[in-house]
Structures are given as structure tokens and as C-alpha cells.
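Enquirer: Order-wise, the sequence lines are chains W and A.
The first sequence begins at 1076 in our numbering and counts up one residue at a time.
The second sequence begins at 963 in our numbering and counts up one residue at a time.
Calculated directly from the structure, the hints in this document are not laboratory data.
Here are the simulated DSS-like pairs of lysine-lysine, each with C-alpha atoms no more than 25 Å apart in a straight line: (1) W:K1426 with W:K1101; (2) W:K1367 with W:K1390; (3) A:K1190 with A:K1103; (4) W:K1426 with A:K995; (5) A:K1195 with A:K1103; (6) W:K1273 with A:K1190; (7) A:K1195 with W:K1143; (8) W:K1251 with W:K1367; (9) A:K1146 with A:K1103; (10) W:K1390 with W:K1251; (11) A:K1190 with W:K1143; (12) A:K1146 with A:K1134.
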Amino acid sequence: MGDIVMNRTNSSRYEMRVQEAYQAHKESGAPTYILGIETSCDETSASVVRDGREVLSNVIASQADIHKRFGGVVPEVASRRHVENITLTIEEALAEAGKTLSDIQAIAVTYGPGLVGALLVGVAAAKAVSLARGIPLIGVHHIAGHIYANRLVEEMDFPLIALVVSGGHTELVWMKGHGQFEILGETRDDAAGEAYDKVARALNLPYPGGPHIDRLAHEGEPNVPLPRSWLEPGSYDFSFSGLKSAVLNTLHNAAQRGESIEPANLAASFQDSVTEVLVEKTLRAVREYGAKQVLLAGGVAANRGLRDRLQERCKAEGVPLVIPPFSLCTDNAAMIAAAGYIKYEKGQFAKLDLNGVPGLSLTEQ
Amino acid sequence: MRLLSIDTSNLVLSVAVVEEERVLAEMTTNQQKNHSIRLMDCVSELLDTTGTLPEQLSGLGVANGPGSYTGVRIGVASAKSMAWSLNIPVIGISSLQVVAMNALGFPGMIVPLFDARRGQVYTGCYRTDGMESVRACENEKIILLEEWLPHLRDQAQGEAILFLGEDVRIHKEAIVQALGEQAKFASPAANHPRAAHIGYLAMKKLQDGTNAHELVPEYLQLAEAEAKWLAQKQEGLVKE
Ligand SMILES: [Zn+2]
Chain W
1076 MGDIVMNRTN SSRYEMRVQE AYQAHKESGA PTYILGIETS CDETSASVVR
1126 DGREVLSNVI ASQADIHKRF GGVVPEVASR RHVENITLTI EEALAEAGKT
1176 LSDIQAIAVT YGPGLVGALL VGVAAAKAVS LARGIPLIGV HHIAGHIYAN
1226 RLVEEMDFPL IALVVSGGHT ELVWMKGHGQ FEILGETRDD AAGEAYDKVA
1276 RALNLPYPGG PHIDRLAHEG EPNVPLPRSW LEPGSYDFSF SGLKSAVLNT
1326 LHNAAQRGES IEPANLAASF QDSVTEVLVE KTLRAVREYG AKQVLLAGGV
1376 AANRGLRDRL QERCKAEGVP LVIPPFSLCT DNAAMIAAAG YIKYEKGQFA
1426 KLDLNGVPGL SLTEQ
Chain A
963 MRLLSIDTSN LVLSVAVVEE ERVLAEMTTN QQKNHSIRLM DCVSELLDTT
1013 GTLPEQLSGL GVANGPGSYT GVRIGVASAK SMAWSLNIPV IGISSLQVVA
1063 MNALGFPGMI VPLFDARRGQ VYTGCYRTDG MESVRACENE KIILLEEWLP
1113 HLRDQAQGEA ILFLGEDVRI HKEAIVQALG EQAKFASPAA NHPRAAHIGY
1163 LAMKKLQDGT NAHELVPEYL QLAEAEAKWL AQKQEGLVKE
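Construct the complete structure from the given sequences, taking the supplied hints into account.
Expert: Okay, structure coming up:
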């Protein structure tokens, strides 16, 4: 009892307003509308999601065209665009959802991992809105967001395995329940998406290279011998730098001999190697851990070669697979709001000293 | 009318709550700690101290650069998001002008400057307008200090030139070498930006009613990658 009184007098007006708003809303039993904000890389995104499942709006101000000219994302340029776009994007998300800030119960924002300068813009904006309106602030891990994009499509069935593949991440995640993440394996060098971009560059394909390799792979035969990086027996980790070097060497050696390699065949062989390792390790984890569901998450989930192969193998294994539509696979704020909802239900709110953490860990968030 | 004002554009963090004729509270620290971590806690504390609810604010003022890119962005992103949430105007004030305000009444040229690396400074030139405000005598810029100092000597025509800002100490030797006795330096407190000045300047411009969406930082220079790309484009090396 004494503790409660002490806490009350020491709390800021902001903290008291947040608690009051939270309690009142919980007692009302009314639906929960969360405003999500995502600025970890080159997309400024805001979204309104109802009860963690239903997307009312998902606005993405993409900077892809700007960064294309630099051949990759330039952090300083990305951060500048985020500041220009942030309030407009939030306003659009509310308008599209037919809501105003008064209808919103909490602000969920990506606070890592990502580009620090880019993260800071979203975090600053989220904190400012939270303070101004006296509503809870929720810090969300970007990968948790990618995983929770699946819940916007289908309810999660625990325990489950999530394969997260994007430009910056390759992770195999084990989940026993909501908000519980255990990393079974991750990349030791390049992320799968990075390897795609580098191979695409070697084949003179435009940036970002992933979709181009995927398209090309479907026109070719996987007849160029390339290594599979299984690492030591039992490991769920990944490594793609050796494969990337093998592709570059193959191109180089062929050029030296004055031969030419059909780019479509090389793309198909590269894709075959990447997807085989990703899919087989996922299925091995499913068997070992007894998963009831497999989730595919992250930007590379849009890759047709990976989707097809995973679908086929999960079907054979008799385990349900969930793959979100393309718009929810790439970086977006709806997934952040969806992941934020779990923390909202548990009352896990961030304080106003929330910071952007470029190397944030999924298990310690 | 109550205004909240913020400066995180350089190493100093300053926050104030002001009314038309009075400064109600101001907090200024030079701890070089992370503005991202501290800014909103300081704002919350200052609002509580002055008994101000966010919805009682009539406007916001923020130093919108030049300065550290990240620092400027934290201030601007916070201020515009807060103003947008509360549906109130937000006014951007030059980070250099804020420092120049510390020299109100100085009879000569007032030159605030921030280090911009590689011998360059972000700087401007101000003169005092009575005891209320300072007005710019030329556009703010990023310039090599070794070019800026002779230019100032020509403009000042023998008048005293007061250099202000935390980074002045880095360049003091070069300044004295170029300008000798003509160069003046201030007591340490005058080198810090004070958010109360921002609040005062913003209050006067409040009718201009800047829309939150339109507030952007004034970096005074392009991002390096953009500058390179533009240069290549001018040489016809790249296409749009
Ligand atoms: Zn992502």
C-alpha cells in the first residue's frame, strides 16, 4: 500500500495519464486501436491496426527510387526523408483508417535493429505523440514485427517456427507463446537478402537485386554446381558469404576462359542453393522441436522460389505454413502495431527515455 | 499563451516553457549526453514543473539547424510530431540566431559559429536590434573559417566582432591570429543556446502559423551522397 502511494507521488503527470488511460480502456472492453510507426531503414510507414489482427490502414512512403541512384540505402539520406515525411505519413494512416488520435489507445514504434539515424526519427515522433496525448508508448523489435505480420493473416498456433529472411536478417526463431522469442539460428556473415543483392550486382542486375534474381531464376536451370553451406551438424545457423564468393568465382573463371555462363542458369543455381539450406534447416527444426506451424517473414518472403519450395516441403511434412502477402512482408508499420498489441495486452510500456538501438537483440527486448 | 521550446541541435540540450512576457522555466545542460534519451523526459519534467498540460500549449518553437544532423533531427521530429498531435503551430528558429541572442546589446558584429569539420564552420553574422532581438546581416552558411575571417574583417570596418558558441574555443587561436584585438569572446554562459530565446522569437512569429508537416531541418548542406550524385549528374556521368 505504502509503495503505491510512493509511486504515485513520484510519477510524472505523463505516467499517471498513461496508466489512467490504460486502466479505463481495459475496463471498457472496447476494441484496441494501435498506431504503428516504422522508420528503421528506407520506408517511412504508419498504420492503424485493430486488436492486433485487423489492418485499417498501412501507409508506406517508400524512398526506393531515391536510393536506387546511389545503388543502396544511404543512411543520411534516409534519415532526412523520414523527418520530412513522418507527420504526413501518420496523418494519412489515421485518415485512411477513418480515425483520429483520440481513437488511438497506444503508439507502437520500431526501436531496433536498424539504421540508428533512421530509427531515431520514428522513436522521437512516437514519444512526442505519446507525451502530447497521454497514451502508452510501446517499443517494438523490428523482427518481432516481421513475425507478427503473419498474425494479420492467420492466428498463431504455438509452438511455432518462424523463418525470417530479409535484406538485413536471416533468422530461425522458436516461439512457445506470444512475445516469447528464442533464436535457434542466425546468419554468421551475410544475410540472405544481402547475398542476393551482391550476386545481382555481379550479374549487372539493377538494385535492389532480389526480385530480379528470382525472376531470372525461373527462366533458367539450376545446372551450375554451387556449394550448400550446412555448417557443423546440428547447427541452425546460416552462412551465405561462401556461396556468394563461389558465384563470383564461377563468373570470373568463365570470363578468363572466354566462356559465357547463362545468367538465368546461374541465378537459378544460386537461388536453389539458398532456398535449399533455408528450407531444410527450417524443416529440421520443425521435426526436432515439434512445431505446430511455420511462419515465413521478412522481405525475402516475397521470393517465389523460396515460397514454392517451403510450401512443398511443409505440405509433405504435414505442417501448416503461413506466408503474408507481399505488402506485409516488406517493412511496414502494420506489423509493428500487430507486435505492439501483444505488449499492450501485457501492459509492457516504454518510458520516455526510449532510444533507437541499432543492434537490439530479439531475446532481450 | 504558453509555448514550449526546444534546442537539441548541438551538444547542449535546452528546453523552456515561456509566456508572452515571462520565462516560466528553462533547463539547459551541456552534458553531451544522448538527446534522444533525455529530451522527452526533460520536456515532461518542465511541463509538470510549470503546471502545464500538453493541451494547454499554444505553440512550439524549435531550433531547426544548422548543427549536428542527428541532433537537429531529434529536435525537429519531436517538435513537429508534438505540434501535429496537439494541432498547434510550430516555428523553426535558426540554431545560430539562438546563440546570437545571448549578445543582445553588443555594439558590433555578432558571429555565432558551430564547427562543421575539415576547417569549415556553420556561421552567420548578426547585429542587435535594440535589446529585443538580433537581425541577420547576411545569409547563414557553411564556409571555411580561413575564408570567413577576412570577409568579416572587411565587413566590420574596424568594429568589434564577437564570436559565440561552444566550438569557438576550438578555433580561438585562428580567430585571434586573423583578427587580433578586433575579435571578442564571451563568458562561458553566453556560448550556450537557451531555449527561452527560441520561445520568445517563436512567440513573435506564431501568427505565421507554420504547419507541422512543413517544418524541416536547415542542414545548410546536402548529404554527401547527394552532393556527389548531383556533381556527377552535372558532368553528365549519370542520368536521372
Ligand atoms: Zn525488415
